[in-house]
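Could you put the whole structure together from the sequences, leaning on the hints where they help?
One-letter residues, chain by chain:
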Amino acid sequence: MDMDPIDYSIHGDDLQYVEVRLEPGRRAVSEPGAMMYVDDGVTVSSEVGDGSGRETHFLARLWRGVRRSFSGESLFTSTYANDAALTRRVAFAAASPGQIVPVDLAAVGGELIVQRGAFLAGARGVEIGIALQKRIRVGLFGGEGFIMQRLTGNGVAFVHASGALTEMRLAPGESLRVDTGCLVALQNTVRYDIRYVGRLKSALFGGEGLFFAQLSGPGTVWLQSMPLKRLSQTMLGSAMAAGKPRGVFGILWALAVVVFIVANILLGGGDGS
Amino acid sequence: MNGPFAATLYGRDLHAAGVPVQARFVGNRLQIDGDAVLEVAADQIRVDTGGFDHDRVYLGWDTPAGRLSITPVDAAARATLLGTAPALLDAALRRHVRGNRRARARWIVLGGITAGMILLLASLWWTYGAVVSWAADHVPTDVEAKLGAATLAELKKGGKLIEQGPAVDAVREIGTKLTQGSRYRYHWAVLDEPSINAFAAPGGQVVVHRGLIAAAKTPEELAGVLAHEVQHIEQRHTLKSMINGLGVATLATVVLGDVSAMAGVLAYQVGTLRYSRDLEAEADRLGLDALVRAKIAPDGMAHFFRTLEKEAPQMPIALLSSHPATGARIDAIEAGIAARPKQHYEPLAIDWPAVQASVSKDSDPKP
Chain A
17 MDMDPIDYSI HGDDLQYVEV RLEPGRRAVS EPGAMMYVDD GVTVSSEVGD GSGRETHFLA
77 RLWRGVRRSF SGESLFTSTY ANDAALTRRV AFAAASPGQI VPVDLAAVGG ELIVQRGAFL
137 AGARGVEIGI ALQKRIRVGL FGGEGFIMQR LTGNGVAFVH ASGALTEMRL APGESLRVDT
197 GCLVALQNTV RYDIRYVGRL KSALFGGEGL FFAQLSGPGT VWLQSMPLKR LSQTMLGSAM
257 AAGKPRGVFG ILWALAVVVF IVANILLGGG DGS
Chain B
82 MNGPFAATLY GRDLHAAGVP VQARFVGNRL QIDGDAVLEV AADQIRVDTG GFDHDRVYLG
142 WDTPAGRLSI TPVDAAARAT LLGTAPALLD AALRRHVRGN RRARARWIVL GGITAGMILL
202 LASLWWTYGA VVSWAADHVP TDVEAKLGAA TLAELKKGGK LIEQGPAVDA VREIGTKLTQ
262 GSRYRYHWAV LDEPSINAFA APGGQVVVHR GLIAAAKTPE ELAGVLAHEV QHIEQRHTLK
322 SMINGLGVAT LATVVLGDVS AMAGVLAYQV GTLRYSRDLE AEADRLGLDA LVRAKIAPDG
382 MAHFFRTLEK EAPQMPIALL SSHPATGARI DAIEAGIAAR PKQHYEPLAI DWPAVQASVS
442 KDSDPKP
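Sequence order for the protein chains is A and B. For reference, each letter of the first sequence is one residue, going 17 to 289 in this note's numbering. For reference, each letter of the second sequence is one residue, going 82 to 448 in this note's numbering.
Bear in mind the hints are in silico, worked out from the structure with no lab data behind them. Everything numeric in this text was worked out from a predicted model, so none of it was measured.
Sample of chain A residues lacking proximity to chain B, with all beta carbon distances greater than 10 Å (derived): (1) Asp55; (2) Phe74; (3) Pro118; (4) Phe157; (5) Ala255; (6) Leu268.
Computed footprint of chain B on chain A, listed as stretches where at least three residues anywhere in the stretch have a Cβ under 8 Å from a Cβ of chain B: (7) 121-129; (8) 184-190; (9) 233-243.
All C-beta atoms in this analysis are idealised placements derived from N, C-alpha and C, irrespective of residue type, glycine included.
This is the structure in structure tokens:
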């Protein structure tokens, strides 16, 4: 496999970007629109497909592009080639509050399965394909849908997701229950299944939904603290509530007023008699 | 001696990507060779299904340093594992294989159901016309008669329905010739409206606007229009259009016989109902046949439409205006007349000026 080792550093706390330093002749690939800045001397080009340079035939590349677009990425890939004689920089920024995690694909067995649209950028040699969820119930209730991204190759891939990201290593036989939607990436050796919450009461009032995602080792998984869906729900909810002073406190306030008035009437009536 | 198979060894203290090893079963023991050298008794091995696609088989066992497990690297290695595993593991391995097969079968079933649904929808779409005709043919004649009667009752309420006099007699005389041997009992009427229109309600109700009689130059022209309207009834076009427009609900109501609710809808619809171009063409074609059968000169139909199109474009000609390709339709009628064998037709023995005079009013615009 053709790969370019790259040097990188990640900046920022919650709104991160990754700066990649390309040695002369090296390349990086990214999603179109992810680029934040780039030094002079780096040639930026867009190509159909995943920029792996594996297929030369246009139709073959187009087919790879179409498959990519199903996995939530663009039909095109931006390629950044350092044609200068010096080391040059290019930076990629995440589109939402969250973290960027570098994953060396070689360290996870050459394949990583990530949430739709989670791939941000990578060294040349990282290929992006579709990982179809073959379990119907997992596809329906697992929180990640039927289509995820399959990153293959052995370079470094930058994976981005909202919230804080954490990496967890599961030993053989070890398993972890995760709120659906919080799964960002997993090694392909990990078993991804769903489990019914178990009790109707917790299903209805536990706020976690009817199912957990069950991840069983061996392998490494990456989790996010705040799925974008949950974040947007919270934001939308507070945006709606901003218009009118309602909510729990509003109701409590109204209740206090009613109690005060009723008490006054009762006490006043008592005085009068 | 069983052949070895390539596998990856995973463990808590090992590299996350696993350690490549060679494994082989020797009797009831699993021997592991390569970067790690281990041996484990088969009765301590647990078989698990795992991996993102749930297609990997994991052989795991517990050690003081946590659980270790191996999985074959590819399909060939998996086949070797399944082929060489001791009988002790057979039941568990079979369960794994069966589980895998079941997952695939589920997709096949789901795919089959989806394909079936698509096929069903496609065939429904293809046979839609036939289904509508079938439904219309299964509406009993007396239901049609009730629908027609309800429509007429609705018109009578307006107080403009003329049910006797020379005009109605003329319409009845021509109409009876056109409807020889019909299964419907026809009822002919004239509506006191100056617009040029005529319409048919199911079950044999034919209503001609006064304006149409005034505009027709000969009784043959009126006959042409009547022949057309009669075919709407004979071919149950109203029902077909209603089923088309209102769909299954109508179908259920009409077939089940609850006419009362439908009649109101229909009464409202009849005046404004538009037949599809195919139904209009069918009524024209069969209308010409009926004219020839009744020995009435069929040219009247074409003349009437042609004259109206040319001479009175400002008149509200509802008969034509509801149909988009009027010119093409008249051309088709004329071609139909030309295609039929030439023969001599006796003119209709009707005192046409007297009929026209009976319905004319001073307020009418002179043509």
